[in-house]
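Peer 1: The task is simple: from the sequences and hints, build the whole structure.
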Amino acid sequence: MNKFIQTVKNIWSIEELRNKILITLSFMVIYRLAAQVTLPGLDGEVINDAMNASGGAKGILGMINMFTGGGFSRASVMALGVMPYISASIVVQLMGIAIPYLQKLKKDGESGQKKTTQITRWLTIAITLVQGPAYLASLPSLGIPADAFLIGTGGMFWITSMILLTTGSIFAMWLGEKITDKGIGNGISLLIMIGIIAGFPSSFAQEFVSKVTTGSSGGFMIILIEIIVWLLVILACVYLVTAIRKVAVQYARKTVAGTVRDVAGARQYLPLKLNSAGVMPIIFAQAIMFVPSAIQGANFSSDGVKNIAAMFADPFGVGYNVLFATLIIIFSYFYTAITVNTNEMADSLKRSNGFIPGVRPGKETGDMLDRILSLITFPGSLFLALLAVLPAFVVKFGVQQSWSMFYGGTSLLIMVGVAIDTIQQINAHLLNRHYDGLMKTGNKRKSVA
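Last residue of the sequence shown: 449 (this note's numbering), numbering continuous.
Don't read these hints as lab results, they were simulated from the structure.
Among the hints, a few may not be true.
Unchecked claim - Derived Cβ-Cβ restraints for the label pairs, each shown as a range: (1) Q36 with I97: 38 to 44 angstroms; (2) A252 with E16: 36 to 42 angstroms; (3) K114 with V322: 39 to 45 angstroms.
Quick reminder that beta carbons are idealized off the backbone N, C-alpha and C, glycines included.
Peer 2: Listed below in structure tokens is the structure:
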């Protein structure tokens, strides 16, 4: 504990790092405060009472509400949050495979990155203009009573709400970009994470009350077991995020200019991540799993279609989770294939005089890396699918739905991934100032002259 306290003091003693952390926390607080502002024309107290009476949004709507920090069910000006920006980023990334102009921008370095960011911003506005009306039309189905609409649902309500929803998404996007530029960590990911964490206290409190007030003498023991299992799941997520397959790489010998001695080639490792796709397979799969829910809510004359849609619309049902897990495995291979170019990795090794021992540089190296990546992606995708459907399993053991969402899925993987990325950035600042990292001993290092 003393070493951890010393590490915190070391962090606070670095002015640049301290300012970055304070800026990050300030912007996150602003985002959370903005998420509490209800759209004009709606009675916030009536909405809160209705949400408390119904237990909040459940199922797929509960997942969306978690990512927006409760703003989705509260009809906040931040109801859409950064989700349109995430959708736009995914679309631009996928379009980069087929559109030569976007492929060229990817190779243009910083200038190309700026143009890609600008395209993503405009696409974010376009997506907001599509998602906004759909959200406003679905407010009654979210459980918002009719008496909450103070000025009705006429043209004035729609116009003002659309302007504010669009402005809220743009403001959230701006906050995320500013955190990335001026703060610490990835801004958009941090905003999503803080929205997820916002629902943690209430979810745990509900679970605690439900177990302790049942009159059973083992209520506290059940809570303790749930916490231990939750911590083990977090540990498994950390291993999934950080697990890599090291491929040995040898660099050719070279002669140092002005001397007669040779410098032996360095033996290093090329890290291939077990889960190169991150949480993107879950995001893609969940986007498709929204379709059965939409079909269930539509007016179809065929009862058979509705019954099939209902079977796949329950996020805690068997049919939903089998299809969900299958889609995650498929998308893990798909997203890894489009984001990890093994041929470029082989060409880069060849240009830097590097090679894999026993493998010829060039195409053979690329084929070997592709084969290794395919082999490690399979267990990684299975592990990812298991974590994604884990909430459906824990619900069967009596865990409430809101608390079960923290046992796996996108929410837990995002929290773990963002936390690791932020800690790594803090460690980089500490190591540059000759301090041990946040997860190290916390003692000050002696600078080497």
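Peer 1: Evaluate each hint against the coordinates.
Peer 2: Here is how each hint holds up against the structure:
1. Take Q36 and I97: their Cβ atoms lie about 40 angstroms apart, and the range 38 to 44 angstroms holds.
2. Between A252 and E16 the CB atoms are about 39 angstroms apart, so this pair conforms to the stated range of 36 to 42 angstroms.
3. A hinted range of 39 to 45 angstroms holds for the C-beta pair K114 and V322, which are about 43 angstroms apart.
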